[in-house]
Amino acid sequence: MKFSKLIFLFVLCFSLTSCYEKLDFDQLDNYVYEPIFTSSLTSFTLVPGQFFNSQGVQENSIVDETRFEIFEANIVKDNVVQLDFYAEIKNEFDRDVTINIDFLDDNDREIYTFSTINVRSGELNFTYLEEIEISQNPDIVNVTKVKIEASLENTGTQMNPNSTEEFEFKSSVTAYIQTKL
Amino acid sequence: MKKIIFFIILLITIKMSSQNKQVLYDFADLPQTLLLNPAIEPSYKFHVGLPFLSGISSNIGSSNFKLTDIFANDGRNINDKISSVINSISSRDFVAINTQIEIINAGFRLRDNYYINFGFYQEIDAIGYFPRDLLVFFNEGNATNLNRPFSASHIRYKFDYLGVLHAGISKKINDKLSVGGRFKIYSSSINLQSNNNTATFTTVNGQNSVYRHVFSNVNVNLLTSGLIENNEYIDDASSIVKNTFFGSNANLGLGFDFGLNYKISDQLQFSASLLDIGFITYKNNVKNTRISGDHIFEGVEFEYNANSNIDYWAQIDQAFKDQLPNTEDEVAYTSFRPVKLNAALKYSFGEQRRLLCYDDVYKDYYTDALGVQLFNVFRPLSPQLALTAFYEKAISKKTRTKITYTIDDFSYANIGFGFSTQVSKLNFYALVDNILEFSNLSSANSISFQLGFNLIFN
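Residue numbers (my numbering), protein chains in the order written: chain Z, 1 to 181; chain W, 1001 to 1458.
The set of hints was computed from the structure by calculation and includes no laboratory data.
A virtual CB, placed ideally from N, CA and C, is assigned to each residue, including glycine.
Hints should not be assumed to be uniformly reliable.
[Said to hold, decoys possible] Taking lysine to aspartate or glutamate pairs in the DMTMM-like style, the calculated list, with each CA pair at most 20 angstroms apart, reads:
| hint | chain 1 | residue 1 | chain 2 | residue 2 |
| --- | --- | --- | --- | --- |
| 1 | Z | Lys145 | W | Glu1229 |
| 2 | Z | Lys147 | W | Asp1364 |
| 3 | Z | Lys145 | Z | Asp29 |
| 4 | W | Lys1393 | W | Glu1351 |
| 5 | W | Lys1045 | W | Asp1175 |
| 6 | Z | Lys77 | W | Asp1175 |
| 7 | W | Lys1321 | W | Asp1311 |
| 8 | Z | Lys180 | Z | Asp78 |
| 9 | W | Lys1081 | Z | Glu72 |
| 10 | Z | Lys147 | W | Glu1229 |
| 11 | Z | Lys145 | W | Glu1140 |
| 12 | Z | Lys147 | W | Glu1298 |
| 13 | Z | Lys90 | W | Glu1229 |
| 14 | Z | Lys145 | W | Asp1317 |
| 15 | Z | Lys147 | W | Glu1328 |
| 16 | W | Lys1081 | Z | Asp78 |
| 17 | Z | Lys145 | W | Glu1303 |
| 18 | W | Lys1287 | W | Glu1229 |
| 19 | Z | Lys180 | W | Glu1140 |
| 20 | Z | Lys22 | W | Glu1140 |
| 21 | Z | Lys145 | W | Asp1069 |
| 22 | W | Lys1172 | W | Glu1298 |
| 23 | W | Lys1081 | Z | Asp24 |
[To be verified] Simulated DEER-style distance windows between Cβ atoms:
| hint | chain 1 | residue 1 | chain 2 | residue 2 | range |
| --- | --- | --- | --- | --- | --- |
| 24 | W | Arg1092 | Z | Asp29 | 31 to 41 angstroms |
| 25 | W | Arg1076 | Z | Val76 | 28 to 38 angstroms |
| 26 | W | Gln1318 | Z | Glu123 | 28 to 38 angstroms |
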């Protein structure tokens, strides 16, 4: 047998005995990547003394804010479909406290305002959940700041600035990602 | 992105069978068997491999799952299939690739007792353990995995693209014993590696915050050489290839192979070899990234202090930088080659024939042989063992066949077949592995092949 025939025979043998199941790589087009990431957002603990100014006068409302840059990450900005804002609140004060939360953009423009959270006096296990559908609020991906205002109920009497009663606030944000490859 | 994910999936599903060339080992006096055991005593006067065609080998395999598990047209949801694959794999599973192409290969007899051989081959050698926790984290996120530590210790990989210049000698000590050695100079073009990492990331319920995100015992090293120059990826293919041929930015190393071949009796023979006992020092175009430390993130803690204007976000950013510093350096490093062990016991029987080796030297041989072989490669996590039983048959003086049955990490039923023949001076050999899977290559656990052409002179 000629050498070339031997090689041909080997290749033929391999070709005839081997076959493969047709694979459908286009299925990847239907693959949806949908992880859920969660993170603590803000927390604070207030005592009555923090509501008093340097003149010793109670101010019924205090505000703080921080930059909040989760949308800097393109995978979040381009693919988030839902944001859950969750808060756990404990109010030991002798009066109700309302919390107003705003998501702002770089120019301090309000992009998303939460409904007012009213926490009654003595409420120690208050929880709050707000689900934000991105399709209903597409501008939310422009958020870069979070502002939280805590306001005391005006009862007509001042709190005791030396009281150790606490108002505790803890929050988290959960991002639902959904994207195709 | 799609291509990257597809490539990752392909790598996950394709698990190479770790450089084991069980069909080739000590088969048919092929010159390429000298690369697996430098003590094998060839029966010819000299040989020359056809340039670029004398030895082409590649191994492909998979375990736990197959390409069809993801890409079969079976009507199942692709998300379910990918999740199922991720869940079926452990961090001890790995992807490994070894491909060699001989550029030149030649040898000649020096007196009756020595056979000197030399050559140059290119090799891609890579192993990557399955970073299961990382994939689960990115696939599912942390929200559904509270209290679960995601470990970065699963990040273990090594990739080498190199050229190997080698010269070996086998010496027949006496009628029973022959020994051999090979000296290798490695010329590595690209190396990427990461090993011995520690780190866990865990999200747990917090006391002062809803969650505590705990980065614990972080010590991750990502070493690269030949990939980045002046902070830009090297994309000049010709310079990458040149460096495997001892180019100006090649990273050099030395290695040795050792082997012995002992005839216990006329029909019983023991052989063994240790390959690639050596190292490469990487000092050209090195770029290493290291992350270390411990950190706990609990979100932003408001102070409601009207007198201060605190930039909380900057504080968080700085805390990450201080406690989990991410540094880059260009410090040279040394890496050892994966050492391979081969051992075989071979019993010859059948019809005894006489073969003209060279000049007026003849060699008696038996037409049949049975035996067992052991292969081991020392990998970062654990050795990879393979045990092979084989039957070798000489159909004629110039045509030989070999059938192997191998048990290894990937398969308990791997049958291989080898064929070597010579017409005049031209030798051709072809070896394939796992032929039981030929009926459906798409669902094959592993497939490997070696083939080549040599000119052999008696």
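Right, here's what the structure says about each hint:
1. Z:Lys145 with W:Glu1229: violated, 39 angstroms
2. Z:Lys147 with W:Asp1364: Measuring from Cα to Cα gives roughly 91 angstroms; hence the hint is violated.
3. Z:Lys145 with Z:Asp29: With a Cα-Cα distance of about 36 angstroms, the restraint between Lys145 (chain Z) and Asp29 (chain Z) is violated, given a limit of 20 angstroms.
4. W:Lys1393 with W:Glu1351: holds, 11 angstroms
5. W:Lys1045 with W:Asp1175: holds, 18 angstroms
6. Z:Lys77 with W:Asp1175: violated, 75 angstroms
7. W:Lys1321 with W:Asp1311: holds, 16 angstroms
8. Z:Lys180 with Z:Asp78: holds, 11 angstroms
9. W:Lys1081 with Z:Glu72: violated, 32 angstroms
10. Z:Lys147 with W:Glu1229: Status violated; Cα separation ~45 angstroms.
11. Z:Lys145 with W:Glu1140: Answer violated: Lys145 (chain Z) to Glu1140 (chain W) is near 27 angstroms, above 20 angstroms.
12. Z:Lys147 with W:Glu1298: Judged against 20 angstroms, a Cα distance of about 18 angstroms means the pair holds.
13. Z:Lys90 with W:Glu1229: violated, 56 angstroms
14. Z:Lys145 with W:Asp1317: holds, 15 angstroms
15. Z:Lys147 with W:Glu1328: violated, 37 angstroms
16. W:Lys1081 with Z:Asp78: violated, 25 angstroms
17. Z:Lys145 with W:Glu1303: holds, 16 angstroms
18. W:Lys1287 with W:Glu1229: holds, 8 angstroms
19. Z:Lys180 with W:Glu1140: holds, 15 angstroms
20. Z:Lys22 with W:Glu1140: Distance ~30 angstroms between Lys22 (chain Z) and Glu1140 (chain W) Cα, so the pair is violated.
21. Z:Lys145 with W:Asp1069: violated, 45 angstroms
22. W:Lys1172 with W:Glu1298: violated, 71 angstroms
23. W:Lys1081 with Z:Asp24: Since the Cα atoms of Lys1081 (chain W) and Asp24 (chain Z) sit roughly 13 angstroms apart, the hinted pair holds (cutoff 20 angstroms).
24. W:Arg1092 with Z:Asp29: 31 to 41 angstroms: At roughly 32 angstroms between Cβ atoms, Asp29 (chain Z) and Arg1092 (chain W) fall inside 31 to 41 angstroms, so the hint holds.
25. W:Arg1076 with Z:Val76: 28 to 38 angstroms: Roughly 30 angstroms apart at Cβ, these two residues keep to the hinted range, so it holds.
26. W:Gln1318 with Z:Glu123: 28 to 38 angstroms: For Gln1318 (chain W) and Glu123 (chain Z) the Cβ distance comes to about 36 angstroms; the hint holds.
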